[in-house]
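Enquirer: One-letter residues, chain by chain:
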Amino acid sequence: MIQGLIITDIAGFTAGGAILELSYLIAALLFVTGLKLLSHPESARRGNLWAFGGMALAMLTTLILHRNPEGNGIPLANVWVILAAVGVGAAIGWIIARRVKMTAMPQLVSFYNATGGAASALVALLEYPNAVAGDVQSILVTVLGLIIGSVAFSGSMIAYGKLDGKVGDIMKPFMTYINLFLMVLTLALGAYIVTSPLPPAELTWAIYALLFLSLLYGVLFVMPIGGADMPVVISLLNALTGIAAAMAGFIYSNQAMILGGILVGAAGMILTVLMCKAMNRSLINVIVGAFGGSAASVGGEQGTVKEITLSDAAVLMSYSQRIVIIPGYGLAVAQAQHIAQELDELLESKGVSVRYAIHPVAGRMPGHMNVLLAEADVPYEKLVEMDDINPDMPNVDVAIVVGANDVVNPAAYNDPGSPIYGMPIIDAHLAKNIIIMKRGMGKGYAGIENALFFNDKTRMLFGDAKSSIQKLVAEIKSM
Amino acid sequence: MENVLHYFFEYKETIFIIALSIFLGIEVISHVPAVLHTPLMSGANAISGVIIIGGIILVGHANLTTFSVELVLGLLALIFGTLNVVGGFAVTDRMLEMFKKKKK
Chain A
87 MIQGLIITDI AGFTAGGAIL ELSYLIAALL FVTGLKLLSH PESARRGNLW
137 AFGGMALAML TTLILHRNPE GNGIPLANVW VILAAVGVGA AIGWIIARRV
187 KMTAMPQLVS FYNATGGAAS ALVALLEYPN AVAGDVQSIL VTVLGLIIGS
237 VAFSGSMIAY GKLDGKVGDI MKPFMTYINL FLMVLTLALG AYIVTSPLPP
287 AELTWAIYAL LFLSLLYGVL FVMPIGGADM PVVISLLNAL TGIAAAMAGF
337 IYSNQAMILG GILVGAAGMI LTVLMCKAMN RSLINVIVGA FGGSAASVGG
387 EQGTVKEITL SDAAVLMSYS QRIVIIPGYG LAVAQAQHIA QELDELLESK
437 GVSVRYAIHP VAGRMPGHMN VLLAEADVPY EKLVEMDDIN PDMPNVDVAI
487 VVGANDVVNP AAYNDPGSPI YGMPIIDAHL AKNIIIMKRG MGKGYAGIEN
537 ALFFNDKTRM LFGDAKSSIQ KLVAEIKSM
Chain B
4 MENVLHYFFE YKETIFIIAL SIFLGIEVIS HVPAVLHTPL MSGANAISGV
54 IIIGGIILVG HANLTTFSVE LVLGLLALIF GTLNVVGGFA VTDRMLEMFK
104 KKKK
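Chains as they are written, first to last, in the working numbering: chain A, 87 to 565; chain B, 4 to 107.
These are calculated hints, taken from the structure and not from any lab test. Wrong hints could be hidden among the right ones.
With a straight-line Cα cutoff of 25 Å, these simulated SDA-like cross-link-like pairs (lysine to any residue) come out [what the hints assert, rightly or not]:
#1 Lys15/B to Lys363/A
#2 Lys122/A to Ala22/B
#3 Lys363/A to Leu27/B
#4 Lys468/A to Ser33/B
#5 Lys15/B to Lys468/A
#6 Lys15/B to Val280/A
#7 Lys15/B to Leu226/A
#8 Lys15/B to Ser339/A
#9 Lys363/A to His34/B
#10 Lys468/A to Glu100/B
#11 Lys15/B to Lys543/A
#12 Lys15/B to Leu108/A
#13 Lys122/A to Ser71/B
#14 Lys122/A to Phe19/B
#15 Lys15/B to Lys436/A
#16 Lys15/B to Ala277/A
#17 Lys122/A to Thr17/B
#18 Lys15/B to Ala219/A
#19 Lys363/A to Pro36/B
#20 Lys122/A to Ile25/B
#21 Lys15/B to Asp221/A
#22 Lys15/B to Leu115/A
#23 Lys15/B to Gly103/A
#24 Lys436/A to Lys543/A
Pair ranges (Cβ atoms, derived) [claimed, not checked]:
#25 Leu271/A to His9/B: 30 to 38 Å
#26 Tyr14/B to Val165/A: 28 to 36 Å
#27 Ile150/A to Leu23/B: 26 to 34 Å
#28 Leu369/A to Asn6/B: 26 to 34 Å
#29 Tyr294/A to Phe26/B: 30 to 38 Å
#30 Pro155/A to Thr68/B: 38 to 46 Å
#31 Pro465/A to Glu16/B: 45 to 53 Å
#32 Asn216/A to Tyr14/B: 46 to 54 Å
#33 Glu16/B to Ala190/A: 41 to 49 Å
For glycine and all other residues, C-beta sits at the position ideal for the given N, C-alpha and C.
With the hints as extra help, turn the sequences into a complete structure.
Expert: Spelled out as structure tokens, the structure:
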């Protein structure tokens with residue numbers, strides 16, 4: 087089944103077939119160019135459009151020019167059915183994409199990733215009966231497409247549920263073993279199907295059992311993963327969907343699918359590794375879930391926290407020169423991005439320089455804080471990455487921490503016993519003053535104390551971030 | 004050993020494509036500013052909707068005269084794939100639109 091890039095069978099040459107392959111080549115080039123353009127702020131929107139153009143082209147030429155092995159094109163009746171299905175999917179996809187609130191972005195990205203995984207799994211499932219017994223190559227890619235697509239689907243749906251607050255974290259030490267067992271079982275069944283000499287018709291039970299096991303594994307694999315690890319998992323699931331699409335591409339020897347899928351798989355893996363680096367953890371560590379009960383061992387000296395009144399905070403901010411706001415997931419939860427922007431604008435009008443320090447894994451998906459603040463009209467030039475802001479932190483008059491915890495925890499530097507030891511953080515503790523907005527004295531995701539709260543330079547401003555900032559804005563205005 | 008060599012020789016074109024695609028994906032994505040992590044992921048996600056080609060081929064050559072579970076699942080694959088493609092690109096565009104209008 088698997089053939090190379092070059093049409094080796096010259097006898098099967100048709101002009102239509104050649105044009106189809108050519109259109110796939112153009113589509114693949116558009117994918118690559120689109121992805122490249124997407125990685126620069128100025129050209130990103132164009133890149134997205136180019137990639138979409140490539141997709142539309144490949145869809146159109148497939149519809150018109152594709153022929154099955156018997157040489158028959160797609161009958162007109164089927165064309166209408168396809169157009170109807172595509173119309174339904176496009177309408178729903180478009181409406182959801184336009185209507186959903188920007189704050190629900192992480193959920194939405196997960197949801198669309200799930201649909202891609204489901205499509206790959208279904209295609210693999212339906213192509214399996216067409217495989218020839220003993221054709222190890224094509225059965226292998228079909229089985230892999232089914233497993234990876236199913237895991238990506240159910241895993242993304244659980245991630246969607248978690249981000250939407252519908253599904254909680256279930257972290258039990260024994261789950262690691264169940265997951266490991268399930269993974270081995272799934273792979274063993276997959277290997278059995280691939281190596282079995284039986285024709286696919288007699289293995290229907292096995293392929294459905296494989297589907298079930300893979301779906302179950304996806305659920306149980308994402309279930310124990312906590313909120314702070316979400317950026318890693320979301321980009322990993324994204325990579326899996328790409329790989330699943332590439333596997334399906336091998337079934338059809340379709341170069342556009344193979345290249346597009348692998349491209350996404352590689353890009354997703356890079357992002358995953360980037361996120362892991364930002365947390366100083368290995369991928370295995372995130373998946374197995376090392377955080378949890380063990381963190382309780384870190385007691386540490388505490389001390390007393392000092393509160394600050396609204397008027398004192400207002401005065402402190404108004405008479406500062408440089409302010410850095412450090413946002414975390416709490417900003418998203420409190421929906422405080424718009425009011426934060428208002429505070430920023432108010433302070434700027436008083437001659438205060440306001441910037442935002444963005445930690446790579448702040449929030450629940452890669453780049454979460456950037457999207458959130460962009461929605462509130464904060465210019466992206468004001469969003470400074472961790473490595474660029476840290477050298478400047480000692481010159482900062484006030485560091486305002488809004489709903490962030492672990493990403494500013496100095497234990498990452500000085501407590502080898504801490505689960506986050508070694509993780510790069512934003513050096514809020516180096517600022518001249520630190521104001522921490524927090525609901526209460528709860529611990530961060532990692533469940534550890536944050537020495538920053540007890541720092542002499544730190545003042546706490548307890549309460550909901552949104553209403554705290556609202557009151558601050560009113561206070562500064564009345565000054 | 005001979006088996007491995009034989010395998011490589013038989014599928015050399017495919018192996019070339021895989022290796023170069025992985026390299027390309029890594030090269031294209033590396034050094035992306037954090038600002039673009041979400042749109043990039045979302046855009047890449049939309050590209051993985053290329054599975055829709057498989058859906059078109061599947062339903063395109065399906066027998067429409069008799070009802071079958073396979074046909075229903077095929078249509079479902081097609082709808083899911085389109086959701087991924089259209090929704091993915093639309094949402095990425097919406098995000099990027101937000102980034103753009105800020106440049107006052």
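Enquirer: Now, for every hint given, state plainly whether the structure supports it.
Expert: Verification of the hints:
no. : hint                            : in the structure
1   : Lys15/B to Lys363/A             : violated (34 Å)
2   : Lys122/A to Ala22/B             : holds (18 Å)
3   : Lys363/A to Leu27/B             : holds (21 Å)
4   : Lys468/A to Ser33/B             : holds (23 Å)
5   : Lys15/B to Lys468/A             : violated (49 Å)
6   : Lys15/B to Val280/A             : holds (21 Å)
7   : Lys15/B to Leu226/A             : holds (17 Å)
8   : Lys15/B to Ser339/A             : holds (14 Å)
9   : Lys363/A to His34/B             : holds (14 Å)
10  : Lys468/A to Glu100/B            : holds (17 Å)
11  : Lys15/B to Lys543/A             : violated (63 Å)
12  : Lys15/B to Leu108/A             : holds (21 Å)
13  : Lys122/A to Ser71/B             : violated (42 Å)
14  : Lys122/A to Phe19/B             : holds (21 Å)
15  : Lys15/B to Lys436/A             : violated (66 Å)
16  : Lys15/B to Ala277/A             : holds (23 Å)
17  : Lys122/A to Thr17/B             : holds (23 Å)
18  : Lys15/B to Ala219/A             : holds (23 Å)
19  : Lys363/A to Pro36/B             : holds (15 Å)
20  : Lys122/A to Ile25/B             : holds (14 Å)
21  : Lys15/B to Asp221/A             : holds (18 Å)
22  : Lys15/B to Leu115/A             : holds (21 Å)
23  : Lys15/B to Gly103/A             : holds (22 Å)
24  : Lys436/A to Lys543/A            : holds (24 Å)
25  : Leu271/A to His9/B: 30 to 38 Å  : holds (32 Å)
26  : Tyr14/B to Val165/A: 28 to 36 Å : holds (33 Å)
27  : Ile150/A to Leu23/B: 26 to 34 Å : holds (29 Å)
28  : Leu369/A to Asn6/B: 26 to 34 Å  : holds (31 Å)
29  : Tyr294/A to Phe26/B: 30 to 38 Å : holds (37 Å)
30  : Pro155/A to Thr68/B: 38 to 46 Å : violated (20 Å)
31  : Pro465/A to Glu16/B: 45 to 53 Å : holds (48 Å)
32  : Asn216/A to Tyr14/B: 46 to 54 Å : violated (20 Å)
33  : Glu16/B to Ala190/A: 41 to 49 Å : holds (43 Å)
Violation of the numbered hints given earlier is confined to hints 1, 5, 11, 13, 15, 30, 32; the remaining hints are satisfied by the structure.
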